[in-house]
Amino acid sequence: LLTQEADHALDEMRLAQEVTAATQKKLTKVKKVLRIVWSENRQLNRENAKLREKILDMSRDQNKQLDEVYAILAHQEVLSPLKSRTSISESMELSSVSSPSLSPKSANSSFDDDTSLCFSSPSSSNDENSLPVLPD
Numbered sequence: 001l002l003t004q005e006a007d008h009a010l011d012e013m014r015l016a017q018e019v020t021a022a023t024q025k026k027l028t029k030v031k032k033v034l035r036i037v038w039s040e041n042r043q044l045n046r047e048n049a050k051l052r053e054k055i056l057d058m059s060r061d062q063n064k065q066l067d068e069v070y071a072i073l074a075h076q077e078v079l080s081p082l083k084s085r086t087s088i089s090e091s092m093e094l095s096s097v098s099s100p101s102l103s104p105k106s107a108n109s110s111f112d113d114d115t116s117l118c119f120s121s122p123s124s125s126n127d128e129n130s131l132p133v134l135p136d
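With the UniProt record's numbering applied, the sequence shown covers 1 to 136.
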């Protein structure tokens, strides 16, 4: 009777060891896969941070270019208020050659409607000699 119980206990112990070994093997595989995933995740996070920085740099550059165009336009209007508004349109076309993303329409869309007078055509204004409203 004791031998049967001992044999039974040994069988259960061997079975438990086999289950433990199989579980350990699966755990090792899972850890290996997790290391790979974590490594890829770190790499993607680095790339994401670089792309965010690049987008911020591009945004700063575009804002700087817009500021320069507005400064040039404001300067031209202040120095020669009698100049027709069509020459302003021509200067906008010239500045858009150097930076194609800048156009009166896209530049104007970020401001309120009351500042749209800066880019209005001569026919939309009754007084050609009046100074336009400049954006703040």
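None of these hints come from the bench; they were simulated from the model. These figures come from a predicted structure and were not determined experimentally. Virtual Cβ for every residue (Gly too), placed ideally from N, Cα, C. A couple of the hints might just be wrong.
Estimated spans, in silico, between C-beta atoms of each pair [said to hold, decoys possible]:
| # | residue 1 | residue 2 | range |
| --- | --- | --- | --- |
| 1 | K26 | E5 | 27 to 35 Å |
| 2 | N41 | R14 | 35 to 43 Å |
| 3 | K25 | L51 | 38 to 46 Å |
| 4 | K26 | T3 | 54 to 62 Å |
| 5 | T28 | L66 | 26 to 34 Å |
| 6 | N41 | N63 | 48 to 56 Å |
| 7 | A21 | M58 | 37 to 45 Å |
| 8 | L44 | Q4 | 57 to 65 Å |
| 9 | K25 | K54 | 28 to 36 Å |
| 10 | L10 | R35 | 35 to 43 Å |
Restricting the straight-line Cα-Cα distance to at most 20 Å, the calculated cross-link-like pairs of lysine to any residue (SDA-like) are [what the hints assert, rightly or not]:
| # | residue 1 | residue 2 |
| --- | --- | --- |
| 11 | K29 | N45 |
| 12 | K26 | L44 |
| 13 | K54 | L44 |
| 14 | K29 | E40 |
| 15 | K25 | E40 |
In rising order, the numbers of the hints this structure does not comply with
The structure conflicts with hints 4, 5, 6, 7, 9, 11, 12, 15, although it agrees with all the remaining ones.
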